[in-house]
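With these hints in hand, go ahead and build the complete structure from the sequences.
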Amino acid sequence: MKQTLVTGNEAAAWGARLVQPNYIPTFPITPQTECIETLARWISDGELPGTYFDRMESEHSVMSAAVGAAAVGARVFTATSSQGLLLMHEVLYIAAGMRLPIVMATISRGLSAPVTLWSDHNDFLDQRDSGWLMFHAENNQEVLDLVLQAYRIAEDSRVLLPVMVNMDGYVLSFTDEPITIPSPEMVKEFLPKYTPKHTIAKDRPVTVGPPVLDEYTIFRAQNHVAARNALEVMEEVMDDFDRIFGRRYHLVDEFMLDDAELVLVTQGSMSTTAKAAIMEMRDEEGIKVGLLRLRVIRPWPAKAIAEALKNAKAVAVIDRNLAPGRGGIMFPEIVETLYNLDRRPLVSSFVVGLGGNPQTEHKVKEITRKLMDDLETGRPRVEWNDVDVNDMDVNDMEGL
Amino acid sequence: MQEFKSIRDLPEQDYFTGGSSACAGCGPSMGLKLALKVLGPETIIINASGCMTLLPLYPNTPLKASWIHNAIENASSTAAGARHGLDMLGNRDMNVVCYAGDGATYDIGIASLSGAAAKNERIIYICYNNQSFGNTGFQWSTATPYGSETKTTPRGKDNPIGTTVVNKNMLKIMGAHRVYAATASLAYPVDFLNKLNRAKERDGFSYIELLGACTAGWNYDPRLTVRISKLAVRCGMWPLYEIENGVLTLNKDFSELKPIDEFLKLQGRYRALPQDGVDRLQSLISEHWTELKEYNGLRYV
Numbered sequence: 001m002k003q004t005l006v007t008g009n010e011a012a013a014w015g016a017r018l019v020q021p022n023y024i025p026t027f028p029i030t031p032q033t034e035c036i037e038t039l040a041r042w043i044s045d046g047e048l049p050g051t052y053f054d055r056m057e058s059e060h061s062v063m064s065a066a067v068g069a070a071a072v073g074a075r076v077f078t079a080t081s082s083q084g085l086l087l088m089h090e091v092l093y094i095a096a097g098m099r100l101p102i103v104m105a106t107i108s109r110g111l112s113a114p115v116t117l118w119s120d121h122n123d124f125l126d127q128r129d130s131g132w133l134m135f136h137a138e139n140n141q142e143v144l145d146l147v148l149q150a151y152r153i154a155e156d157s158r159v160l161l162p163v164m165v166n167m168d169g170y171v172l173s174f175t176d177e178p179i180t181i182p183s184p185e186m187v188k189e190f191l192p193k194y195t196p197k198h199t200i201a202k203d204r205p206v207t208v209g210p211p212v213l214d215e216y217t218i219f220r221a222q223n224h225v226a227a228r229n230a231l232e233v234m235e236e237v238m239d240d241f242d243r244i245f246g247r248r249y250h251l252v253d254e255f256m257l258d259d260a261e262l263v264l265v266t267q268g269s270m271s272t273t274a275k276a277a278i279m280e281m282r283d284e285e286g287i288k289v290g291l292l293r294l295r296v297i298r299p300w301p302a303k304a305i306a307e308a309l310k311n312a313k314a315v316a317v318i319d320r321n322l323a324p325g326r327g328g329i330m331f332p333e334i335v336e337t338l339y340n341l342d343r344r345p346l347v348s349s350f351v352v353g354l355g356g357n358p359q360t361e362h363k364v365k366e367i368t369r370k371l372m373d374d375l376e377t378g379r380p381r382v383e384w385n386d387v388d389v390n391d392m393d394v395n396d397m398e399g400l
Numbered sequence: 001m002q003e004f005k006s007i008r009d010l011p012e013q014d015y016f017t018g019g020s021s022a023c024a025g026c027g028p029s030m031g032l033k034l035a036l037k038v039l040g041p042e043t044i045i046i047n048a049s050g051c052m053t054l055l056p057l058y059p060n061t062p063l064k065a066s067w068i069h070n071a072i073e074n075a076s077s078t079a080a081g082a083r084h085g086l087d088m089l090g091n092r093d094m095n096v097v098c099y100a101g102d103g104a105t106y107d108i109g110i111a112s113l114s115g116a117a118a119k120n121e122r123i124i125y126i127c128y129n130n131q132s133f134g135n136t137g138f139q140w141s142t143a144t145p146y147g148s149e150t151k152t153t154p155r156g157k158d159n160p161i162g163t164t165v166v167n168k169n170m171l172k173i174m175g176a177h178r179v180y181a182a183t184a185s186l187a188y189p190v191d192f193l194n195k196l197n198r199a200k201e202r203d204g205f206s207y208i209e210l211l212g213a214c215t216a217g218w219n220y221d222p223r224l225t226v227r228i229s230k231l232a233v234r235c236g237m238w239p240l241y242e243i244e245n246g247v248l249t250l251n252k253d254f255s256e257l258k259p260i261d262e263f264l265k266l267q268g269r270y271r272a273l274p275q276d277g278v279d280r281l282q283s284l285i286s287e288h289w290t291e292l293k294e295y296n297g298l299r300y301v
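Those protein sequences? They're chains F and P, same order as listed. Each step along the first sequence adds one to the number in this note's numbering, with nothing skipped, and position 152 is 152. Each step along the second sequence adds one to the number in this note's numbering, with nothing skipped, and position 11 is 11.
A couple of the hints might just be wrong.
List time: in silico DSS-like cross-link candidates among lysine-lysine, alpha-carbon distance up to 30 Å [claimed, not checked]:
id : chain 1 : residue 1 : chain 2 : residue 2
1  : P       : K5        : P       : K293
2  : P       : K293      : P       : K230
3  : P       : K258      : P       : K5
4  : P       : K252      : P       : K230
5  : P       : K265      : F       : K197
6  : P       : K252      : P       : K293
7  : P       : K265      : P       : K293
8  : F       : K202      : P       : K151
9  : F       : K202      : P       : K119
10 : F       : K2        : F       : K188
11 : P       : K5        : P       : K151
12 : F       : K202      : P       : K37
13 : P       : K33       : F       : K202
14 : P       : K64       : P       : K168
15 : P       : K151      : P       : K168
16 : P       : K37       : P       : K230
17 : P       : K265      : P       : K151
18 : F       : K202      : P       : K168
Derived from the structure by calculation, the hints contain no laboratory data.
What follows is the structure in structure tokens.
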């Protein structure tokens with residue numbers, strides 16, 4: 001075990017190093033590059049003797065190769081971002097449908113066009129119906145810890161599904177943070193050797209990915225049930241993680257919720273800024289505000305979310321993503337989760353931080369004040385916090 | 001290495017048995033049946049979406065070997081992953097063999113194929129070329145020969161030729177990757193399986209392209225599959241040759257080619273091809289044949 005400064009990309013690479021995958025197919029894309037470069041350097045230095053590091057011709061090929069390797073029983077790791085994740089999209093469904101426990105770090109970056117290198121969550125959330133399990137980390141320690149947990153969960157026979165561990169590009173991927181890197185012995189205790197259940201073997205021919213007729217619904221339902229099973233498995237794994245590594249994780253991350261009347265629902269690294277703003281608002285203004293961070297996006301931890309929000313009077317869902325013509329992606333998910341509660345809070349929606357637009361403490365406070373207004377008027381709002389979209393000229397290419 | 005001299009030498013054992021859903025007279029199915037005689041059951045066939053994808057239909061399969069169907073454009077990359085997965089798990093003896101159509105090879109999957117070939121992955125790639133996107137009902141691909149009618153290049157008032165694009169020279173492309181590249185024919189199974197045996201022995205990538213006569217798409221009587229395959233070779237539509245280390249070897253040489261008309265007249269897809277179209281196709285074939293003769297035994301790419 002050692003304390004060290006690492007970036008989010010390096011934290012993901014450390015996670016991979018500690019689980020010793022058999023195969024790492026890669027393709028470079030900003031801001032993921034440093035993750036695979038780190039692994040490539042370790043491979044060249046002989047640090048990962050049981051791993052084959054492959055350089056593919058596209059992200060589509062990366063995920064295809066991951067499927068091929070996982071289908072023969074190999075433990076696989078990879079990482080990507082943004083356009084690369086979208087290029088994989090087709091094969092992500094196939095990996096989940098084949099029930100292959102691949103683990104992938106995704107480093108969020110906004111999608112083209114226009115081009116941005118900075119982070120928002122559209123790339124990650126675009127995969128929400130793919131059948132993958134989806135974690136979203138807040139900081140670099142969590143990136144490493146979730147990669148380790150991801151393998152335990154993915155390889156559990158009640159689950160057997162691929163897992164994504166997301167971090168925000170730049171804010172985490174390229175920022176050094178002090179983290180604890182666990183010892184290989186502790187990881188060995190936490191993560192047993194992978195014994196594949198349905199794999200191709202020399203003396204046992206297996207058909208993977210054939211067409212089916214009426215059974216299609218059954219296979220899809222199995223994918224769903226396996227994903228639902230993952231909630232229970234995640235809780236077990238998080239308990240065991242705490243026992244071995246002494247760091248406590250839950251399905252959702254609750255911050256100052258005990259007496260909170262106002263709750264901000266967030267994802268990823270902006271949660272840290274929001275937490276700082278919340279502490280200030282509590283200290284300086286006595287506002288009873290708290291935060292619920294969505295750590296697990298798939299499977300959807302509805303019970304944990306409803307439980308955490310049941311005493312809130314007003315909730316602001318802060319979406320760092322956009323479904324054009326719809327709004328924030330997580331807003332309707334939260335509303336649906338709360339709809340059948342006996343007493344449900346007012347829920348407002350804020351779309352923020354697209355293409356890395358910084359979410360400062362000031363902006364978080366602004367949202368909180370708007371939420372207080374909404375509670376007073378009893379009217380929730382659906383709003384953008386960074387830009388005024390009323391009377392917007394959709395053809396204005398100048399004067400921006 | 002085992003060298004077959006005649007068809008009597010070929011292994012009797014089959015790993016492609018009954019219960020296939022393919023058409024009667026299906027060339028690509030015959031090709032896979034032949035290939036598995038040499039490859040055996042310790043083989044993973046990586047299939048690209050196409051006609052052959054329907055061979056296994058849950059919960060049945062006519063195959064006694066392993067099979068992975070991923071998608072259409074990624075057989076090579078899936079195979080690369082399977083190869084390295086097997087190798088890292090100490091399972092180096094299993095064969096990893098792609099079996100993909102021409103659309104999946106020449107067109108949508110060429111990036112993945114080029115990547116695996118350039119890295120010289122220990123994979124055998126068999127392209128069963130039925131000169132079209134066959135499973136979707138016979139549409140044009142860049143392997144479709146000049147003058148063939150397809151569902152997306154129908155002959156009409158403004159286009160009497162049908163396919164006007166000249167097909168890609170895939171062997172040259174693959175040869176330029178410095179891998180073993182060869183053509184093969186259902187009418188010459190000894191040549192095909194000897195090439196496959198060579199590929200099996202190689203510590204690297206091999207590309208074998210088998211003309212997969214397609215009774216439904218080419219529109220001919222199913223009993224003619226082997227005859228048409230033979231005519232394709234005799235008429236120069238499908239010369240048998242190989243490229244290794246850039247050097248070309250013509251495997252079946254003829255002092256004179258039969259006129260292409262003998263190949264064309266048995267197939268509905270060339271019916272109504274005007275004479276100037278036949279002439280242009282004949283000149284394209286003659287040009288290619290002359291080039292192969294000229295480079296026989298020499299550095300070709």
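These are the hints, each one checked on the structure:
1. P:K5 to P:K293: 24 Å, holds
2. P:K293 to P:K230: Cα-Cα ~19 Å, so holds.
3. P:K258 to P:K5: 26 Å, holds
4. P:K252 to P:K230: 11 Å, holds
5. P:K265 to F:K197: Distance ~54 Å between K265 (chain P) and K197 (chain F) Cα, so the pair is violated.
6. P:K252 to P:K293: 11 Å, holds
7. P:K265 to P:K293: 26 Å, holds
8. F:K202 to P:K151: Violated. K202 (chain F) to K151 (chain P) sits at ~42 Å, over the 30 Å cutoff.
9. F:K202 to P:K119: Holds: K202 (chain F) and K119 (chain P) sit about 25 Å apart, inside 30 Å.
10. F:K2 to F:K188: 16 Å, holds
11. P:K5 to P:K151: Status violated; Cα separation ~41 Å.
12. F:K202 to P:K37: 17 Å, holds
13. P:K33 to F:K202: 20 Å, holds
14. P:K64 to P:K168: 34 Å, violated
15. P:K151 to P:K168: Given pair K151 (chain P), K168 (chain P) holds - Cα atoms ~19 Å apart, limit 30 Å.
16. P:K37 to P:K230: 21 Å, holds
17. P:K265 to P:K151: 19 Å, holds
18. F:K202 to P:K168: 37 Å, violated
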